[in-house]
Amino acid sequence: MLNYSETQDDMILVLEIAEQRLEASNAPDLRDLLVGRIENGSDQIVLDLRQVTFMDSSALGALIGGVKKMRGLGTLALSGANGPVLQLLKLTRMDKVFPLYPSISDAVAEMKG
Amino acid sequence: MEPTPAKTCWSLERDLYQVQSVAIPVKTYAMQFLNDDDAAAVELALVEAVTNAIKHGSINGRDTGQITVTAQVFDDRFVVEVVDHVPVLPQAALDRARNRGAAFNIDNVAALDESGRGVSLMVLVMDEIILSTANDKYVLSMVKYIS
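Chains A and B are the protein sequences, given in the same order. Numbering of the first sequence is given in this note's numbering, commencing with residue 1 and proceeding in unit increments. Numbering of the second sequence is given in this note's numbering, commencing with residue 1001 and proceeding in unit increments.
Be aware that a few hints might be false.
[Stated by the list, open to error] Cβ-Cβ distance ranges computed for the label pairs, FRET-style:
no.	chain 1	residue 1	chain 2	residue 2	range
1	B	Asp1095	A	Thr53	30 to 36 Å
2	A	Ala109	B	Arg1096	41 to 47 Å
3	A	Thr53	B	Lys1055	18 to 24 Å
4	A	Lys96	B	Lys1137	38 to 44 Å
Because the hints were derived from the structure by calculation, they are not lab data. Every value quoted in this text rests on a predicted model; they were computed, and no experiment measured them. Glycine is no exception: its CB is placed at the ideal position from the N, C-alpha and C atoms.
Put together the whole structure using the sequences plus the hints.
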């Protein structure tokens, strides 16, 4: 089970993860969440990771599952990544795959153009 | 001869939900000797190793009881070991990760794999990784130098 909240800001879906850890035990739920929202028509998504203090390769795989589901037709952005989570994204070069923003408001402002 | 430093031990069942019950205390222990980044590296490598052991040990129908994790501090290094009745990871996977080096290819997003980064991450964030056997058990030793 994955704890999160979601809000809609115009065309942008904001998913705030309310977990301290994203790892193999909850990565399938994260993938299902992302893929499900994309299948339901969301193509502008901000995934907020502000509360996440640890992420492993399984969770990275879930994020990749989401961005691949977009098929380049939308945006899956990450906000609030910090500490070891941000380190992991940079180490695996995922900072080149996902747009990163310091906060939800920064992400939404940029995506609204 | 210097005495061998004592080992601190934890055990966990083969359950992905239990990984953090070992990862968090090991990181907390590592933070006494390593800086925050290095302690985070130990936590990441440990989670990847234990997750690999749980997933692949179970897949092959060799679910053989608890996994043991130990931590040991020497003058110049922090050593965390994962001890299991089945191989924690195949030597070939470790060799492939070493040969692949630090490069994660992200040029073609559509071709990105959703899995298969765990062992590469372990190699990347730790200073040494050694697979061995002892007392009929498989041991994965991961070393972080104390700077």
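Each hint tested on the structure:
no., hint, result
1, Asp1095/B x Thr53/A: 30 to 36 Å, "holds, 32 Å"
2, Ala109/A x Arg1096/B: 41 to 47 Å, "holds, 43 Å"
3, Thr53/A x Lys1055/B: 18 to 24 Å, "holds, 23 Å"
4, Lys96/A x Lys1137/B: 38 to 44 Å, "holds, 41 Å"
Consistency note: the structure conflicts with none of the earlier hints.
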